[in-house]
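Given only the sequences and the hints, what does the whole structure look like? Please build it.
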Amino acid sequence: MLLCLSKCVYSVATALHGPSSSTGSEAQQNKFIALLQTWWQTLAPPRWLWRTSAACILGGQAIWRIATGKAHFRNTIEQLKLVGPNSLGVAMLTSSFVGMVFTIQFVREFAKLGLTRSVGGVLGLALSRELTPVITCIILAGRVGSAFAAELGTMQVSEQVDSLRVLGSDPVNYLVAPRVLACMLAGPALNIFCFVIGLGASVVLAQTVYGIHPRVIVDSAAHAITAWDLITSIIKAWVFGVIISVVSCSWGFTTTGGAKGVGESTTSAVVISLVLIFIADFALSFLFFQGQGDALRQCSGSS
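In the numbering used here, the protein residues as written are 786 to 1088.
Don't read these hints as lab results, they were simulated from the structure.
C-beta atoms are modelled at their ideal positions from N, C-alpha and C, and glycine is treated no differently.
Check each hint, because a few of them may be wrong.
[To be verified] Derived Cβ-Cβ restraints for the label pairs, each shown as a range:
#, residue 1, residue 2, range
1, C841, G996, 51 to 59 angstroms
2, G1048, T993, 41 to 49 angstroms
3, P870, L898, 25 to 33 angstroms
4, L949, T993, 52 to 60 angstroms
5, W835, V994, 36 to 44 angstroms
Written as structure tokens, this is what we have:
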């Protein structure tokens, strides 16, 4: 495309300034085209900049289409199955082992201080506020985000996205909005389910290995966790789901370079999603949990 544009510009310039001698005209044309290509490459924005701009624009378009009810219904159901039930097994296994690992660490240290009854409260706070939303969305980024980027990247390099436009279908309505909506809905649901599984695994391990009665863990967690903790956990999972879906779809839509470009876009989409998840987690935690809390005091008082 740039070569054709360069030839057109050269032809117009030649017509305006009069015909030149035939000798060396082809060499002058090639020199002009090379100069224009160098100028274009110098002024072209870096890839990360236009990909970031594309992600912002595409994310805004997708959210607007969802708000106006233009997301393709059948594709939304298919993506919900991919994000939700198909990711449930991995999320359940991961959250259970994360809960058991932290149970080992907390019981080991709290038993020395005689605060075994506070283990459930600390576990509940750690799981609800930080561990469950982050771990769940890391799984989604690796499993779902990579699938989104690879699928849309393949469609982009094989010109299937252009075919949708030719057929009169909006790619944002048909491809992007269903994926973003699926992550918006399934992300928080998976987060709550993984929280329950993680806490349940902690209860089982505490009873079987350390002899702590399940009621002690459950009562301690119930007194420490508030409705605000669960709300913030859902908000985090929702934000992380939007980040994963928007970044993955944007990186897929901006894929170039054939099969190699698809692989690079998939890897880059997962890495960028993970980095943004941790940045967003810090920002939301700083916003929601500033100052001193009294959750552990209530937990200790209940014992």
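Cross-check of the supplied hints:
1. Look at C841 against G996: about 54 angstroms separates their beta carbons, and that is inside 51 to 59 angstroms.
2. Look at G1048 against T993: about 44 angstroms separates their beta carbons, and that is inside 41 to 49 angstroms.
3. Between P870 and L898 the beta carbon distance is about 42 angstroms. The supplied range of 25 to 33 angstroms is therefore violated.
4. A hinted range of 52 to 60 angstroms holds for the C-beta pair L949 and T993, which are about 55 angstroms apart.
5. Roughly 53 angstroms separates the CB atoms of W835 and V994, a value that falls outside the hinted 36 to 44 angstroms.
Checked against the numbered hints above, the structure breaks hints 3 and 5 and satisfies the rest.
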